Each structure stands twice: as structure tokens, then as C-alpha cells.
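Go by the hints and put chain B onto chain A.
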Amino acid sequence: GENVEQHPSTLSVQEGDSAVIKCTYSDSASNYFPWYKQELGKRPQLIIDIRSNVGEKKDQRIAVTLNKTAKHFSLHITETQPEDSAVYFCAASKDTGFQKLVFGTGTRLLVSP
Amino acid sequence: EAGVTQFPSHSVIEKGQTVTLRCDPISGHDNLYWYRRVMGKEIKFLLHFVKESKQDESGMPNNRFLAERTGGTYSTLKVQPAELEDSGVYFCASKPLGGNTEAFFGQGTRLTVV
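Protein chains in written order, with the numbering used here: chain A, 1 to 113; chain B, 1 to 114.
Honestly, I wouldn't trust all of these hints.
Straight-line C-alpha distance at most 30 Å; calculated DSS-like pairs for lysine-lysine [said to hold, decoys possible]: (1) B:Lys-41 x A:Lys-68; (2) B:Lys-44 x A:Lys-94; (3) A:Lys-57 x B:Lys-78; (4) A:Lys-22 x A:Lys-42; (5) B:Lys-78 x B:Lys-51.
Honestly, the hints are just simulated from the structure, not real lab data. Model, not experiment: these values are computed from the prediction.
Extracted from the complex, chain A is given alone in its bound form:
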């Protein structure tokens, strides 16, 4: 089955710096890669996703890149702000509308003012 690895487990940056979180997946049939952000005590929320037919997607300060050949994808946050502090999870799925998400172990991002 699918296996997703995520690094780093913790990441501390200064406000205004960039943050990069990397994930690798094992199943070449996976074609949907969402990123979820979970703030303390709150529900995981989708912040961006990418499908295997594109290599990059951007939404304001957040971008995701996908390398299908190497089977890895990354989340990039620019101009980080304290409110970006949270746990970020990557996931992979064979998105047929039914399939389960396979998650990475999460990255705790701390943005210091």
C-alpha cells in the first residue's frame, strides 16, 4: 500500500522567512496530494492541493510543487507570519472520489515574531 514520509518533524523560522516541508510517496498510482493545516485544538483544514497533471500550484504565500518521477512533493510558505504556526500534514490518494488519504507524520512549524 501507499506510504508517505514527511520531513522535517519540526521547523522553527523567524517571521518573514520561508518554510519548506517535503514529502515522498511510494505508490506511483497516487494522483492527488493535499496539504492540511491543524492549529492547536482545531480541526485539520485543507490549505492547498495538487493533482498529478500539474507540477506546481500557487495560492498567495503558499505553493506546492510535485515531482512525479521522483515521487515527492513539497509545501512552500513565503513571508511566514506567526499565524502560520501549526502542524502541517501532507497526504496522498488515488483520488477516484472514494479513496482514503494516506498522511505523513506531520511537521510542527513555529514562526517566531
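The following block gives chain B in isolation, referenced to the frame of chain A:
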């Protein structure tokens, strides 16, 4: 529109007791998923309902876990008898049937077995 809601938010029980978690998905969402996060590890899939039918229960740890979704609306996850290793945060997620859409998560139930 109300989001996915889970009850209770926290539960502390003794080893050997029974606990029932409840999930109310977003109205009209036929897909309902249960996931669990054990301390510091990944969010792991437990099972998936489409309406009232179990589509995939490959992630259920053992037969101490029983999930139901009678009538295809809310779902319950019962753990009986609970063991220490069942501690973790149990998440429910829902999404509409068909199409490539986002899965919406509940806030989770933090279960502690002592």
C-alpha cells in the same frame, strides 16, 4: 453551513471500559471516513462509509472496534473493551459523492485510556 461535528471532544476511560464516539458529517455528504492519530505519528485511516455501507475497513486495528452508520447519516465508532494503545485523537471526515472534492474534517475526539 455546519461543519463536521464530533462528540465528545475528550474522553478519559479506564482500560477494559467501553467508549462510543460519534460523528455528524456535513449534511448531504455520502462519504464518511474515520481516522486516528496516535501521539506524534501520522493520521491513519480506519474506515470509509459510502452512505450506510462500509466501503473500506482495512484500517480497523482489530475486532474491538465497531463502526456503524445506520441510515447513512451520523456514524458511531465503538471501542470495546478499550486498551491503553487505543489512546489517540479520532478524526471523522466527510465529502460529497463523486468528483474530486475536499474532505472536511471534524475537530476530533481525544481518547485517553488509563
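Checked hints:
Pair hint Lys-41 of chain B plus Lys-68 of chain A holds up; C-alpha atoms about 25 Å apart against a cutoff of 30 Å. With a C-alpha separation of about 16 Å, the suggested pairing of Lys-44 of chain B with Lys-94 of chain A holds against the 30 Å cut-off. Using a Cα cut-off of 30 Å, the hinted pair Lys-57 of chain A and Lys-78 of chain B is violated, with the two alpha carbons roughly 40 Å apart. For a cut-off of 30 Å, the pair hint linking Lys-22 of chain A to Lys-42 of chain A stands: about 23 Å separates their Cα positions.
A distance of roughly 18 Å separates the Cα atoms of Lys-78 of chain B and Lys-51 of chain B; the hinted pair therefore holds under the 30 Å criterion.
Violated hint: 3 only; the structure is consistent with all others.
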